[in-house]
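Colleague: Kindly generate the complete structure, drawing on both the sequences and the hints.
Going down the list, the protein sequences come from chains D and A.
Take 1 as the starting number for the first sequence in the working numbering and just add one per residue.
Take 269 as the starting number for the second sequence in the working numbering and just add one per residue.
Hints listed in this document are in silico derivations from the structure and should not be mistaken for laboratory results.
Any given hint could be a false lead.
[Said to hold, decoys possible] Covered stretches of chain D, going by a simulated chain A footprint (3 or more residues, C-beta under 8 Å):
#1 4–12
#2 68–81
#3 92–100
Treat the numbers as computed from the prediction; the structure is a model and nothing was measured.
Even for Gly, the Cβ is constructed at its ideal location relative to N, Cα and C.
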Amino acid sequence: MRESLPSWLASSEGYRPGSDRDGFLTRSLLSMTGLLSRLRLDAGRPTRLSPSAPLKLVMGLVCILLTSLSTNFSFVLVMLAIVLVRACLLPSESLRRVASIPAGAAALTFVLMLPATLLGQSHSAALMGTKVLVSASLAMTVAVTTPAGELTGSLRAFRVPSMIVLTFDLAMRAIYDLGRVAVEMLLALRLRSVGRNDDKAGSLGGVGGMLLLRANDSAQTTFDAMRCRGFDGEYAMPPGRTWRAVNVAWLVALTLLVALFVYLQGLM
Amino acid sequence: MHIPENYLSPSTCGVFGVAMVAVWTHAVRRVRETVPAEKMPLLGIAAAFSFLAMMFNIPLPGGTTGHAVCGTLVAILFGPWSAVLSVSIALAIQAVFFGDGGVLALGANCFNMAFVLPLVGFGVYRFIRGRVAGERGELLGAAIGSYVGINCAALVAAIEFGIQPLLFTDAAGNALFCPYPLWVSIPAMMVGHLTIWGMAEVAFTVGILAFVRKAAPTFCLERQDDGPEGAAALRPVFVLVGALVVASPLGLLAVGDAWGEWGVEDVSALVGYTPAGMGEAWEWQALLPDYSLGALPDWIGYVLSAVIGVALLVIIFRLLAGLSRKAIDFG
Numbered sequence: 001m002r003e004s005l006p007s008w009l010a011s012s013e014g015y016r017p018g019s020d021r022d023g024f025l026t027r028s029l030l031s032m033t034g035l036l037s038r039l040r041l042d043a044g045r046p047t048r049l050s051p052s053a054p055l056k057l058v059m060g061l062v063c064i065l066l067t068s069l070s071t072n073f074s075f076v077l078v079m080l081a082i083v084l085v086r087a088c089l090l091p092s093e094s095l096r097r098v099a100s101i102p103a104g105a106a107a108l109t110f111v112l113m114l115p116a117t118l119l120g121q122s123h124s125a126a127l128m129g130t131k132v133l134v135s136a137s138l139a140m141t142v143a144v145t146t147p148a149g150e151l152t153g154s155l156r157a158f159r160v161p162s163m164i165v166l167t168f169d170l171a172m173r174a175i176y177d178l179g180r181v182a183v184e185m186l187l188a189l190r191l192r193s194v195g196r197n198d199d200k201a202g203s204l205g206g207v208g209g210m211l212l213l214r215a216n217d218s219a220q221t222t223f224d225a226m227r228c229r230g231f232d233g234e235y236a237m238p239p240g241r242t243w244r245a246v247n248v249a250w251l252v253a254l255t256l257l258v259a260l261f262v263y264l265q266g267l268m
Numbered sequence: 269m270h271i272p273e274n275y276l277s278p279s280t281c282g283v284f285g286v287a288m289v290a291v292w293t294h295a296v297r298r299v300r301e302t303v304p305a306e307k308m309p310l311l312g313i314a315a316a317f318s319f320l321a322m323m324f325n326i327p328l329p330g331g332t333t334g335h336a337v338c339g340t341l342v343a344i345l346f347g348p349w350s351a352v353l354s355v356s357i358a359l360a361i362q363a364v365f366f367g368d369g370g371v372l373a374l375g376a377n378c379f380n381m382a383f384v385l386p387l388v389g390f391g392v393y394r395f396i397r398g399r400v401a402g403e404r405g406e407l408l409g410a411a412i413g414s415y416v417g418i419n420c421a422a423l424v425a426a427i428e429f430g431i432q433p434l435l436f437t438d439a440a441g442n443a444l445f446c447p448y449p450l451w452v453s454i455p456a457m458m459v460g461h462l463t464i465w466g467m468a469e470v471a472f473t474v475g476i477l478a479f480v481r482k483a484a485p486t487f488c489l490e491r492q493d494d495g496p497e498g499a500a501a502l503r504p505v506f507v508l509v510g511a512l513v514v515a516s517p518l519g520l521l522a523v524g525d526a527w528g529e530w531g532v533e534d535v536s537a538l539v540g541y542t543p544a545g546m547g548e549a550w551e552w553q554a555l556l557p558d559y560s561l562g563a564l565p566d567w568i569g570y571v572l573s574a575v576i577g578v579a580l581l582v583i584i585f586r587l588l589a590g591l592s593r594k595a596i597d598f599g
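Modeller: Written out as structure tokens, the structure reads:
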């Protein structure tokens, strides 16, 4: 017996999904959560000439403070030269991250100060823009060149309470994974939204809730794993040579920088 | 040879700006096609040579000063279109950060030093290289190419200066912008470039080229052996850049301004009136005007400027390397 295809199967289907706007999903949310997944702070490669993490943190803070307080443009330019030379020596991926955020911040400052430029005060705009560029670059350089573990360790060296260090530590460890999970879930949501889906926003609550549960799970498992390895809630400083010759050299350099700051401020 | 702000009329600046946009677009396309991503950071070092060469001011009896550009050198090492981009970025940094050359005149300055100079220089180099074989041919080509290149660039700059009083004058016949006509600007620019500054360009180009070919042969477009050993092989080039940075204050030995790079007061004193277009026109305030750092000694300002300039060039080209497409060999 010869069977033919039913007519409804034989007819050609020209499926064209109705136009759907998913810019909110693809651009805003994906790029925001993508940023989270890029926050991983372990691109640093300490060499034997690098200062220890606590000293690096202090140096970064002092340099940012001096740059902000300086009313002499010469000092800001000296700091700019130091920051640029340090950036030249970074690996490509770190350089891209260190360059992009401060450049954006400096450009925004410059735009905000544009009225001052047009009114003949272009010096103020240049000073503010350069200060923002230098400060943001210093913060980014310290962040990308210091592994997350050492950063938390250096917090403990400054007698920050253990509970705060624990919270910071867990957040640092989880934030990268959470960013990745969020990107995966949003991608899944986008792929399943075939045709026109008017209820995309409704699913967002689900994504947020899942993220919260995952964050809770992740923090709990990490904490349990730490307990299993003997963590008793205290971050003990490992005994070691804290006063290496390199650290002394960096301290001398920092002292010279402070002296230059005082000298240049005196000239104003 | 850096044309300052307001020496050229806005329309002249506009014409050269538009012309350079076309040149830059073509140069970007050619560089993306010919320069592999891993070679892009080296372009930053090559641009640094040009930047530093322009900081070494050389005096001429009579109080004027000039400098080498090294555009032909970059063209020989990395191709003429790479030289167009490298020298253009070096000139942009000089204009924005150090007030060396006008921001509005950037198109004209790039046309002279980043387009005419390397293309003419490279053309002459290729012509001689095809006729004289071996290392001798290369160095001879570089010497004659760089000499012809810088003189062509100086001639074009002199014409740009010289046509201003012929085209733009007020009702009293006074020039609105650069006050010197062609019959003054061409001899004034060419005397120095045909003699001392042309020779300086030859010395910089041949000296650096010979050093690079011997000490770091991978510092060019043709050799592809990169990797950890490749980076170590480039160490002599970094040492040379460092030495040039430290030696940059030698440029301070030359006192006085280059021809056509005076301040408005100096021009007024020279010609007896202030050209209207120069008097109250917009002027960009650079971060380190004239490579000086306020209260600090001049030599510190010079070294700091060299460090900032070289570091910026290296960072810009390393970031550009990240943007350019990686070449995949499917063969």
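Colleague: Against each hint, give a clear statement of whether it holds in the structure.
Modeller: Against the structure, the hints come out as follows:
no., hint, in the structure
1, 4–12, "violated (count 0)"
2, 68–81, "holds (count 7)"
3, 92–100, "holds (count 4)"
Hint 1 alone, counting from the list given before, is not met by this structure.
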